[in-house]
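For reference, the chains in residue letters:
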Amino acid sequence: MKEIISYTLYLADTNLILSQRNGEWCGHGPILEQDIAMTNITLDLLGQARNFYQYAATLIGNGATEDSLAYLRTEREFKNCLLAEQPNGDWGQTILRQFFISQYQFLLYNSLINCKDEQLSAIAEKGLKEVTYHLRWSSEWVIRLGDGTEESHRRMTNALEALWTYTGEFFIPAAYEQFLIDNGTIPSQDELKLTYQENINSILKRANLNPPSGSFMQKGGKTGIHTEHLGPLLAELQYMQRTYPGAEW
Amino acid sequence: MEIINNDTALIWKALEEVKDPEVPVLSIIDLGIVRNVVVSDEELIVTITPTYTGCPAMDMIATDIKLLLAGRGFKKVTIQNILSPAWTTDWMSEEGKQKLKEYGIAPPQPRQQICNNDLFAPNEAIPCPRCNSYHTRRISEFGSTACKALYQCNDCKEPFDYFKCH
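Chains A and B are the protein sequences, given in the same order.
Those letters in the first sequence? Residues 5 to 253, per the working numbering, in order.
Those letters in the second sequence? Residues 4 to 169, per the working numbering, in order.
One or more of the hints may lead you astray.
[Claimed, not checked] Below, in silico cross-link-like pairs of lysine to any residue (SDA-like), each with a Cα-Cα straight-line distance of 25 Å or less:
hint : chain 1 : residue 1 : chain 2 : residue 2
1    : A       : LYS133    : B       : SER147
2    : A       : LYS120    : B       : PRO53
3    : B       : LYS79     : B       : GLU19
4    : A       : LYS120    : B       : PHE123
5    : A       : LYS209    : B       : GLU19
6    : A       : LYS133    : B       : CYS168
7    : B       : LYS78     : B       : TRP15
8    : A       : LYS133    : B       : LYS79
9    : A       : LYS133    : B       : ARG38
10   : A       : LYS133    : A       : GLN123
11   : B       : LYS160    : A       : ILE35
12   : B       : LYS22     : A       : ALA178
13   : A       : LYS133    : B       : ASP121
14   : B       : LYS16     : B       : ARG38
15   : A       : LYS133    : B       : TRP94
16   : A       : LYS197    : B       : ASP121
17   : B       : LYS104    : B       : SER43
18   : A       : LYS223    : A       : ALA178
Calculated directly from the structure, the hints in this document are not laboratory data.
This structure is a prediction, so every number in the text was calculated from the model and none was measured.
Can you make the complete structure from the sequences, with help from the hints?
Next up, the structure:
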């Protein structure tokens, strides 16, 4: 039971933290339509996070709620992948982060639809329809910027440099994840990893971008070991509940 | 006040009075988000499914259903949320699509005709809800709510929302 809770929290936290980061763009997007696109995607991610948290809360019991899980856990208890918490940087870096995560979620949700856990399967089925939009939108933007002007290409190259080592963590299973794979609750990630790399490389190629050559990949987020960026993000996210415990609208 | 007895057909009919707060011409029946109504002696269970996971209207819709049915004499109403099968615009009623068009929102096209996920795919041919011209263009796939995209008519120049096929 604790493994499925941890795994559900990993999925929930990744969505919540990415939505919080994307939400920082609200009112600051480069043009109105893309500001709206970004906040739409953010709302989808938050909705999916809520579904995962609600499910985790029923598994945990003891009065846990979606709110207590989002607002009252500490940094070390968050299991989101490191990529989600990375700063927005410029528009290009935000787009690239979204693309890497949407591509992962697209393949992951597709595989989770057939997993043995009914609720995870239902959330994945629902979420996949939304992630499909996110993936198309972010892929088009990666190509548009990478294969755009000299300036946009330069910025995408920098973004790739900044984010690349965080793209391996998806496929390095945490102990709880490996447990669920071994007992057949969720599918193996090996096949996903290959498809992921192929799809990423194909879009980067169309965008005239070359993936960095090193093979070192960061990890830790899934087990609560985060970069220096998560703490300040949580301080802002959780401020109201920490300062006024139990406050409601 | 009309009191409904345990007749599910009448309850379905009554639920037509609950509107989508963001697109108030549509009832929740038009939208196809009411999936089941079960009545027993003790309680009434209404099962609904969200359009999009982050749709902020869902909490309000659940409250509106409870208020309406309380007014019809049901003391204990439980709202259940289900996610699977996932909502699709194919569940929207023909009447609902007509109401959308009259409201100035282009109704969703049938799903099987699109689902083209190719990058930079040509826009769907969406008729302008005002002048019916197919000479329209997509401004953005994301609009004022999760369920809509932004379009503009090249003939009458009117910008409009398209309730996107989902």
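To see whether the hints hold, each was checked on the structure:
1. Distance hint between LYS133 (chain A) and SER147 (chain B) is fulfilled; the C-alpha atoms sit about 18 Å from each other, no more than 25 Å.
2. Distance restraint check for LYS120 (chain A) and PRO53 (chain B): the Cα-Cα separation of roughly 23 Å lies within the 25 Å cut-off, and the hinted pair is therefore satisfied.
3. For the suggested pair LYS79 (chain B) and GLU19 (chain B), the alpha carbons sit about 20 Å apart, so the restraint of at most 25 Å is met.
4. For the given pair, LYS120 (chain A) sits about 36 Å from PHE123 (chain B) by alpha-carbon distance, which is inconsistent with the 25 Å threshold.
5. The suggested pairing of LYS209 (chain A) with GLU19 (chain B) is violated, with an alpha-carbon distance near 51 Å, which exceeds 25 Å.
6. With a CA separation close to 11 Å, the supplied pair LYS133 (chain A) and CYS168 (chain B) stays within the 25 Å bound.
7. Straight-line distance between C-alpha atoms of LYS78 (chain B) and TRP15 (chain B) comes to about 17 Å, which keeps the hinted pair within the 25 Å bound.
8. At roughly 34 Å between alpha-carbon atoms, LYS133 (chain A) and LYS79 (chain B) are farther apart than 25 Å, so this suggested pair is violated.
9. Proposed proximity of LYS133 (chain A) and ARG38 (chain B) is supported: the alpha carbons are some 19 Å apart, at most 25 Å.
10. Taking the CA atoms of LYS133 (chain A) and GLN123 (chain A), the gap is near 16 Å; set against the 25 Å cutoff, the hint holds.
11. For the proposed pair LYS160 (chain B) and ILE35 (chain A), the alpha carbon gap of about 21 Å is at most 25 Å, so the pair holds.
12. The hinted pair formed by LYS22 (chain B) and ALA178 (chain A) fails the criterion: a straight-line CA distance of about 45 Å is larger than 25 Å.
13. Under the criterion of a C-alpha separation no larger than 25 Å, the hint pairing LYS133 (chain A) with ASP121 (chain B) is consistent with the structure, at around 15 Å.
14. With a C-alpha separation of about 14 Å, the suggested pair LYS16 (chain B) and ARG38 (chain B) falls inside the 25 Å cut-off, and the hint holds.
15. Straight-line distance between C-alpha atoms of LYS133 (chain A) and TRP94 (chain B) comes to about 15 Å, which keeps the hinted pair within the 25 Å bound.
16. Proximity of LYS197 (chain A) to ASP121 (chain B) is assessed by CA-CA distance (about 22 Å); at most 25 Å being required, the pair is judged to hold.
17. A hinted pair counts as satisfied when its Cα atoms are at most 25 Å apart, and LYS104 (chain B) with SER43 (chain B) does not qualify at roughly 38 Å.
18. As the CA atoms of LYS223 (chain A) and ALA178 (chain A) are separated by approximately 10 Å, the hinted pair is consistent with the 25 Å bound.
Of the numbered hints stated above, those contradicted by the structure are hints 4, 5, 8, 12, 17, listed in ascending order.
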